[in-house]
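Protein chains in written order, with the working numbering: chain P, 1309 to 1538; chain U, 1309 to 1538.
Incorrect hints may have been included.
Since the list gives no way to pick out one identical chain from another, each pair is judged satisfied if it fits inside one copy or across any two copies.
As the list claims (entries may be wrong) - Calculated lysine-lysine pairs in the DSBU-like style (CA-CA distance at most 35 Å, straight line):
id, residue 1, residue 2
1, Lys1516, Lys1365
2, Lys1516, Lys1360
3, Lys1368, Lys1516
4, Lys1517, Lys1312
No lab work stands behind these hints: they were computed from the structure.
Chain by chain, the residues run as shown.
2 protein chains.
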Amino acid sequence: MVKKAVILVSGGLDSATCLAIAAEQGFEMYALSFEYGQRHQAELVAAKNMAKLFNVKEHKTVHIGLDGIGGSALTDPGIAVPEGGTEGVPVTYVPARNTVFLSLALGWAEVLHASSIVIGVNAVDYSGYPDCRPEFISAFQSLAQLATQVAIQGEPINIDTPLIDLTKAQIVERGVALGVDYSQTVSCYQADDKGRACGCCDSCLLRKKGFDDAGIPDPTRYVPGFTKNR
Amino acid sequence: MVKKAVILVSGGLDSATCLAIAAEQGFEMYALSFEYGQRHQAELVAAKNMAKLFNVKEHKTVHIGLDGIGGSALTDPGIAVPEGGTEGVPVTYVPARNTVFLSLALGWAEVLHASSIVIGVNAVDYSGYPDCRPEFISAFQSLAQLATQVAIQGEPINIDTPLIDLTKAQIVERGVALGVDYSQTVSCYQADDKGRACGCCDSCLLRKKGFDDAGIPDPTRYVPGFTKNR
Chain P
1309 MVKKAVILVS
1319 GGLDSATCLA
1329 IAAEQGFEMY
1339 ALSFEYGQRH
1349 QAELVAAKNM
1359 AKLFNVKEHK
1369 TVHIGLDGIG
1379 GSALTDPGIA
1389 VPEGGTEGVP
1399 VTYVPARNTV
1409 FLSLALGWAE
1419 VLHASSIVIG
1429 VNAVDYSGYP
1439 DCRPEFISAF
1449 QSLAQLATQV
1459 AIQGEPINID
1469 TPLIDLTKAQ
1479 IVERGVALGV
1489 DYSQTVSCYQ
1499 ADDKGRACGC
1509 CDSCLLRKKG
1519 FDDAGIPDPT
1529 RYVPGFTKNR
Chain U
1309 MVKKAVILVS
1319 GGLDSATCLA
1329 IAAEQGFEMY
1339 ALSFEYGQRH
1349 QAELVAAKNM
1359 AKLFNVKEHK
1369 TVHIGLDGIG
1379 GSALTDPGIA
1389 VPEGGTEGVP
1399 VTYVPARNTV
1409 FLSLALGWAE
1419 VLHASSIVIG
1429 VNAVDYSGYP
1439 DCRPEFISAF
1449 QSLAQLATQV
1459 AIQGEPINID
1469 TPLIDLTKAQ
1479 IVERGVALGV
1489 DYSQTVSCYQ
1499 ADDKGRACGC
1509 CDSCLLRKKG
1519 FDDAGIPDPT
1529 RYVPGFTKNR
């Protein structure tokens, strides 16, 4: 029987690695992306390219009006994206974003009779978002078991987090070994319309550190004027 | 200090009653509705009217592309709405709908620093949907505690379900006592563009039984040709 997985694909480094891992595990893959009022469309273009490169069975981009709710630098143009690391939960945190994304993945997984939802959350080199922590994932797993008709009927939907205990360097190593072309992924919170990274935001810094620590040349495409080794 | 609540408002009987209860409890009310690809817009018009009647502080209608996911008679025009009661979970079940709705309410509640999310689920006279059961709500409550920055910092968000143990007749009695004008609410799965009910779907039957059992004249506006007392 075909094993199906819904994979959350943002267009960034982590979710590209998730696609590679799910492919290796033999899943029939259904990629899910969201247009939620984020600052740039470059990541959705990257998501589309990644889904195509990994030959997914279907790729859906679902619209959600999270920008109507606001409260984050990623969805509210009135809040600036900070440069460099910050203390505590940063303003780039989008309230309940992973809960919303996983809920929609749960709905699609139920329709597809998929056995897994794959999400590239990481609790090592991450931005401190509450909805990336293992205890959050565990609570969502319990919810998934009760929320769906299929689970009640004996077809559980697993929330797979293949990256949760890896450092960014380990993620990069894993992906490179599986053939991921990271130059085609966009992690930057404020990439330009060509998908080129700012090099200064928290997400860029974490990503760059991953390549540096892994001793792998950073293939990220940066905006003109940004020097990788400054 | 002002107590704030996000109230999920569908435009139907149950959520109108929730508005009345939250108003009585002294909450500053934030009404949240969803345009999710449902069959008709009449319920959104009713939601808007209800929010206005109860003088909410703000009413948001958020778009979610649940119709892209399909799998339900309510979001897929290719699946017919059944007439009369059915065995098991009916085809009007929208996969993960309440999980998705509560997730977005959670995001808004976090932005507002609201202490409650009010949802009109009911586990007595209901359609058998898995995401209306008390154990589902309890799992979502646990998730809410872990998913948000505010909860971690000591401001929990409660999931309030004031109707969960009431029969439809008790809900109607409560609402009438609080002055709800149920003629302005739309419960029907396939109401016409004037908000008139079919009288035949599961939701109409449950609603009609509520008024009958309560001994309260049914104020529902039905489509021409439908006889209430057939």
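Taking the hints in turn, this is what the structure says about them:
Taking the closest pair of Cα atoms, Lys1516 and Lys1365 come within 35 Å of each other only inside a single copy of the chain (31 Å); across copies the shortest separation is 45 Å, beyond that limit. For the identical chains of this complex, Lys1516 and Lys1360 are intra-copy neighbours only, at 25 Å inside a copy versus 51 Å across copies, given an alpha-carbon limit of 35 Å. Taking the shortest Cα distances, Lys1368 and Lys1516 sit within 35 Å of each other inside one copy (29 Å), while across copies they are farther apart (39 Å). Taking the closest pair of Cα atoms, Lys1517 and Lys1312 come within 35 Å of each other only inside a single copy of the chain (33 Å); across copies the shortest separation is 42 Å, beyond that limit.
Consistency note: the structure conflicts with none of the earlier hints.
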